[in-house]
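A.B. asks: For reference, the chains in residue letters:
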Amino acid sequence: MAGNDSCHPVATDSVDASIRAGQHYVALVGPPNAGKTTLFNRLTGLRQKVANFPGVTVEHHVGRARTQQGREVFVIDLPGVYSLDARSEDERVTADVLTGAKTELGRPDSVVIVLDATNLHRHLLLAAPVLALGLPTLVVLNMADDLAARGGSVDTAALAAQLGAPVALVSAAKGDGVEKVMQFLEGSLARPHSTTKRVELPVLQDLPGCRTWAGQIGTKSGYRAPAPPVWTRRLDGIFLHPWLGPLIFVLVVAAVFETIFSGAQPLMDAVEKLIVTSGNSLAPLLPEGLLRGALIDGVWNGVGSVVVFLPQILLLFLFIGVLEDSGYLARAALIADRTMSRVGLQGKAFIPLLSAYACAVPAIMATRTIENTRDRIATILIAPFMTCSARLPVYLLIVAAFIPETAPFAGPIGARTAALLGLYIIGFLAAIVTAQLLRSTILRRERSTFILELPPYRMPSLRSLALRLWDRALIFLKRAGTVILGVLMVLWFLANFPRTNGQPPDPEHSYAGHIGHAAEPAIQPLGFNWKVGVGIVASFAAREAIIGTLGTLYGIENADKDSDKLQEALRADLTPAGAAALLVFFAFAMQCFSTTAIVRRETGGWFWPTVQFSYMTAFAYCSALITHALVSARI
Amino acid sequence: MQLDTPKPSPYPKSRVQLSFNKLRGKKLESVQPTSLADLRCGQHAVLGDLDVADELRRRLMEMGFFPGSRIDATGCAPGGDPRIYRVDGSEIALRAETAAQIRIRPLAAAAD
Ligand SMILES: Nc1nc2c(ncn2[C@@H]2O[C@H](COP(=O)(O)OP(=O)(O)OP(=O)(O)O)[C@@H](O)[C@H]2O)c(=O)[nH]1
Ligand SMILES: [Mg+2]
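Protein chains in written order, with this note's numbering: chain Z, 33 to 667; chain D, 49 to 160.
Errors might be hidden in some of the hints.
[Unchecked claim] Okay, the calculated bits of chain Z under chain D, using three or more residues with CB under 8 Å as the criterion:
id : segment
1  : 147-156
2  : 164-170
3  : 211-223
4  : 259-272
5  : 369-375
Honestly, the hints are just simulated from the structure, not real lab data.
Note that the Cβ used here is the ideal one computed from N, Cα and C, for glycine as well.
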């Protein structure tokens, strides 16, 4: 899958094949944010994404759980649903798996319903239609820790008697009670494999009737609802305060950017040193000549110039992780709803857009939670304008090369931070302008309604943050070691051939030089020379590849590379106006194969990806042209 | 408390309330909520009819909006819209335009 190799932690899609062979499998069903994925990860040892807002999981994930007796059961994690009456793409996935409409999977043999024990009455609304499916079912009441902490309680035996199904009180996050779920999985293996192919869902659920039923069941099983979360109320008082809330948010973002520039420097230097020394110590192992030149001077330094940005990327993801796990993200969607409604989108569309700050690929997947198709397509089209983490190294390099570290902006905020903040903001503004444009042209639509469930704030767990960073680091390094490495090997070849009398050509007359010069008529008005041109061509494979490309090209020119060489070389090669134009170009251009591939898959054709690519490239080019003209005129 | 509603208040206190409200003059109207949008932060009421399209009504019910349940206005976004309501154990955000279509019964009935 295109998405998985770039920005998206890997799912175990290959397991699907074994299920097809008629194996047992158990489906995890429940309302959004009830903790299904947390439980799934506990059972299978996988690390699918968990976060504190509704709509995190948008596709089915298959994993293997090993029971105490060492037998294997397949478990399938599903998107959260409020009812079996599906309205959005993600809800459809759940309904299709349960009814067996997803033919490659067949029907599940049994079901685990995951409910939030702190909100039992409302969550039992979903239990009614799921129990009515007639499959062996375990009812998991999750968040037992939270229930106890807020003074609630429930008699599981009485509830089981009322529901006619086993009930387990569990804390998936803490791991308490998970063995009861394991026992159920074990038991489900003992039953014969289900052969029913498909079932029809009952016509619309009688919701008021179900709610009365849920209330009675709750009373009979001695359910004492917990007190409302006090801390959530208090924190909302601050974060949703008319001016204090937005102010705190801007200050926090500025602080993060400051840290990205200053705090990460020592780490960056360490990574850089590691790369240079390892390159130097590897060099003698290789035979003198072509290969050594290719690997060390060209590719190693090129990849290295990208890898040095690992600390900054991790800092960014730490911040995003805290936002997502704490529950602030849903509040951000609430705050953004006003702006979004002006351009015809609703606040819920803001959640995918926020995750696009990490990477556009999962963000485009996350638009599955948007019910209205036109809204969904509009959100898909604007998502790549959000500043994804692949742009960050490019921004950091150019900003650091052209703005002195000590240049002030306002108060404690430096000019570098302000520039970075500005780049993040123009990406968002471009998205908003585009949404408005789409609304008045090809995607006319009504104002949609906004309903969002706000999760309680939770303390992000250090373990889950650490694991996230670890996964991110692996993804980043893997990307550097595959896509970027590949691009750089091709580039090294292009920059070192054709040879005359066995000697590499002057870079200007290499194949790369020819490509760069061919692009010159288009890029000269933007203030870029041929080397930057080659970098831009390479960046269409992966944005960070421009850094590696320049690193490789300069590495070839002056093989004795030491720190800041790249920045110095950039200063020599680009005027400040050219640098500004380059930043603006990167802010708006659609340079990501994986995104195009996922847009094609999610919109079901080449039409929208083509529109998106052409529009964004043209937008980027024109904006860069204007920026170059404006900045040149001012200097 | 019950000036605009046809149902007379069951509470004998209402005369005192009435004169108190008269003193406050114009503010009276905002004190007398008939739709969820009129409910101010910190107030609570009992849900009445949901005057919305069928599709949306089901959505709202799935999230806990049933006629007769207690609803609390707990907060709002910085601009005042959308608003946050606590209903049936969860906090749900709605835009004012949607909230305006949701009837509520007078405060006095929310005695739970
Ligand atoms: N206190 C507590 N928090 C939990 C527990 N289980 C899960 N959580 C938290 O609840 C939030 C939601 O967990 P997820 O596993 O992503 O929920 P989900 O049901 O998969 O959500 P969707 O994929 O959006 O449907 C996360 O912040 C978890 O850390 C638990 O047992 N106790
Ligand atoms: Mg999930």
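A.B. asks: Give a verdict on every hint.
C.D. replies: Going through the hints against the structure:
Beta-carbon proximity to chain D at under 8 Å applies to 5 residues in the segment 147-156 of chain Z; the threshold of 3 is reached and the given coverage holds. Only residues whose beta carbon comes within less than 8 Å of a beta carbon in chain D count, and the segment 164-170 of chain Z has 0; fewer than three means the coverage is violated. With a cut-off of 8 Å between beta carbons, the segment 211-223 of chain Z has 0 residues touching chain D; three or more are needed, and the interface restraint is violated. With 6 residues bearing a CB less than 8 Å from a CB of chain D, the segment 259-272 of chain Z meets the requirement of three and the coverage assertion stands.
Counting residues of the segment 369-375 of chain Z whose C-beta lies closer than 8 Å to any C-beta of chain D gives 3; at least three are required, and the coverage claim holds.
The structure fails to meet hints 2 and 3 from the earlier list, while all remaining hints are met.
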